[in-house]
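S.K.: If you read the sequences in order, they're chains A and B.
Going left to right, the first sequence walks through residues 1 to 558 as UniProt numbering numbers them.
Going left to right, the second sequence walks through residues 1 to 417 as UniProt numbering numbers them.
Please note: incorrect hints may appear among the correct ones.
What the hints assert, rightly or not - In the DSBU-like style, the derived pairs of lysine-lysine whose C-alpha atoms are separated by at most 30 Å in a straight line are:
| no. | chain 1 | residue 1 | chain 2 | residue 2 |
| --- | --- | --- | --- | --- |
| 1 | A | Lys331 | B | Lys222 |
| 2 | A | Lys84 | B | Lys410 |
| 3 | B | Lys159 | A | Lys538 |
| 4 | B | Lys67 | B | Lys33 |
| 5 | B | Lys159 | B | Lys2 |
By construction, these hints were calculated from the structure, which means they are not laboratory data.
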Amino acid sequence: MTLHIKNGIVVDPKNGIAGEKMDIFIKDGKIVEESEVGKECKTIDVSGKLVVAGGVDLHAHIAGGKINTGRAMRPEEMRFVRRKSNGLRAAVGRTLLTSPAIGYEYAKMGYTTAIEPATPSIYVIHTHEELDSIPIIDKATLPLFGNWHPVFKYAADKDVEKMKSFVAWVLERTKGYGVKLVNPGGVEAWMYGGNVSGLDDTIPGFGVTPREVITTLIAAVEELKLPHSVHLHCNNLGVPGNYETTMETIKLAKKFRNDNRQVLHVTHVQFNAYTGSSWRDMGSGAEEIAKLVNSMNNVTIDMGQPIFGHATTMTADSPFQFELHKLVKAKWCNKDVELETGAGIVPLVYRPKSPVNAVQWATGLELGLLVDADKIAVSTDYPNGGPFTAYPYIVTLLMSRKFREEEMKKAHQYIEKATALPSIDKERSIEEVIQMTRVTPARVLGMENKGHLGVGADGDVVVYDIDPLNYDSSDYQAILKALENPLYTIKGGEIVVKNGDVVGEVWGRTFWVDASEQTTTEIIEADLDEYFNYYTVKRCNYGVEEGWLHNPVRITAG
Amino acid sequence: MKNAICTFCGNVCDDIEFDGTVGKNLCPIGEAKFAAKRRMEAPTIEGEKVSYEEAIERAAEILVNAKRPLLYGWASTVNEAIKLGVILAEKLGGIYDQCSSVCHAPSTLAMIEEGIPGGTLGQAKNRADVIVFWGCNPVEAHPRHPSRYSVMARGFLTKGRQYRHIVVVDVRKTATAYLATEFYQIKPGYDFAVFTALRSIVNGHEDAVPDEVGGLSKEKLKELADVLMDGKYGVIFYGLGLTHSRGQDRNVECIVKLVQTLNRQTRYILQPMRGHFNVVGAGAVAAWEAGYEYAIDFSRGYPRFSPSEFTAVEALLRKDCDAALIVASDPAAHFPKKAVERLAEIPVIQIDPHPNVTTLLADIVIPSAIVGIEAEGTVYRMDGIPLRVKKLRETEYWSDYQILRLMLDKVIQMKGE
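Chain A on its own, in the form it takes in the complex:
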């Protein structure tokens, strides 16, 4: 199948194209030169419309035990029936969507890639089963390392070689894409009802600190030359005053250097960007964090933007989830995962008239406006901040000062005192928001063929009904409508969405990283055998084989 996208106005920041009338050609799922396509080519004329690469979501809990337990716990979420075409699967879900609905809704707003960012390795078969049930998009998953006993041991021994070996072993067994840490040390402390309060607390029973766990893992990931850096959910999430911990954590990256990408990605920073000493005097620390991130060249972040309305919080940060359960008095699921990690789920509503929720909303937007576009990606930490289907809303807020003013009127006036949002006049340009939703997340993930339209890139192209050379940022309703209803979403050269409706179903790929060439597992064999005495699953029955996945793509590290 070859496709010719004609006369569009291309915005492709990675290749320095800022609104040029250009034709794009796709053959065998890749962007190619005009000379490579023959006469039998389907042509779509998109004169005067915005042509960009497919969106990349680097952090959304779209598959696995957590979201699925959330679905079972919240049937009230499933009353929301979504629009779909005949012959496609039924699609339901308000902020917790079914797997078919997740694929369709991503495509419906022009996204073609999404990463599941937190899998307990022992549950990874389940995560892959769900990823394989999501149509259209490409995906990958990040196994959790931050509270795993061997990780504590190797960090305590400062043994980077063994840590490298363990990381490579885990990625192979899980068919995982990178290294995720959630509240390092805090979840192990929660096994006895505690938590850690910062980078230098001792993790109970292991004589090691979160600081050491994070830096040893960064060192291991860098030496393994993984495409993606350490992906970190900081300590003290959701606690007033936590921006100091976040800043201190970000500074850990200063010891490391990588010329191709960041060495540390700090995720859903909004939840870790609060000043104050309690919920009564909490405020936004976004300006300080933005200054720090902008001053460094090896740290990236994503927003974790809350959306007013319903959400379901679900993280591996189980002590935080228990605190939230007590705070909002909502139902609560917990999962302690043997010697690996934990998880918790609590439903939540972000109310515009709640001072705290209003500050959270404003803090996310401050980050989105103040951090350089090549260092921040758009995210809601789906479904923690709200549905990923709100990305067009977020992007429109970033692009339109007038829209922000309208939305701020609905929010509690405490944001005027506690955040800088009302004084920010900046409006993100089309290039910047395309950077934040395509180029930056693809670069953060180390996916070279994503997020741009250069020759050799994946044939994931989106056409929006916006003229990037001539649009009015105060007409925010037009922008929002255009972003919510792409004229075309093209996945791997196939047209999957037309005028905002899914018209075709394709099956994407699952990326995983093979780092075995960078290390040897021999040095940890004895440790693993000893360690598996304490598992309830035999070592030979642990993990997932490539052949069980629908469409796996192995990426070799280095």
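Starting from the known structure of chain A, fit chain B onto it as the hints suggest.
M.R.: Okay, now just chain B, sitting in the frame of chain A:
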């Protein structure tokens, strides 16, 4: 083969040695599963032997022509087959229901109210110093549970039996009670009252507790509450004693609240003793494909959940279903008489490795390969941990997956989608 995986109960033990006929490390019920049993020779329509293709074609016709077929069972097959079952129910506009609806569904209802503070079986093995079995009897229902995961398991931080306090609470002295440090016998149907009393004591309101609750004296209750609160890491396992006695889901809700309260003082998790080896998958797959775990109706083209309408028993009692596909289950042996009578009135298609009571009233019988012995795929242990069960010997029988794949293709073809 070493480290084969047993496909009988929710333990899903993964250390079985099997040479094709004899298995080692099996418990008595696992042995029965792996032993040679009577099989059906070939697919049949109205008792006449036919090919797989003929049986599946006829089954697809029945299902397509039905107004609202019931697709029931699923707990004893692999996720790959269950997924096809959910999609089949959606394409047919029928009902998807699974064995939980007559088993642990009250646990799901309690979870909808309160959530569930849970963990993996490895937490019991590695950390628990207090383990409670409430209304369950693993020695007879999950025989290797005590040695692999709980009572005697040698863990990372809890090294064995002598480091654990084992509590059994039941209405009679079960075989499991003989393993206990302490056995508390309560009156049938008084679980809710006993939980409420324990919650009061744990919350510091023992003055509100009467002298006797559910057959336990106040002294005994205080003693039990102290044992619970003294645990550094406790695990409460519960079974059908809670979900199928007076109070049902309210019993489970109340024990969830007790565990929530205990977590304000120490650490506790709660784990239902799930029966079939993949009953968890039968709920999980439906949840990601259609949003709900059981009792799902697709007659409007999108999934709806209503346990009082769309569970198999309710739908049969109200004669809402006019055909049934029964996969890896035996409702005729377990459903109420009236529901079975209705099943006998309508066309029934059965897919199962072995003949059972349901076979007697099935119009089309499609024998399948035995999951975990003759067919592979993914199953979820009682704590949700996924395991890939193996194919240990060759067979002429089609797997559930193969049968359902062709059936789904036929249905899509007949409906012209």
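S.K.: For each hint, tell me whether it holds in the structure or not.
M.R.: Structure-based check of all given hints:
{"no.": "1", "hint": "A:Lys331 x B:Lys222", "verdict": "holds, 27 Å"}
{"no.": "2", "hint": "A:Lys84 x B:Lys410", "verdict": "holds, 23 Å"}
{"no.": "3", "hint": "B:Lys159 x A:Lys538", "verdict": "holds, 19 Å"}
{"no.": "4", "hint": "B:Lys67 x B:Lys33", "verdict": "violated, 37 Å"}
{"no.": "5", "hint": "B:Lys159 x B:Lys2", "verdict": "holds, 26 Å"}
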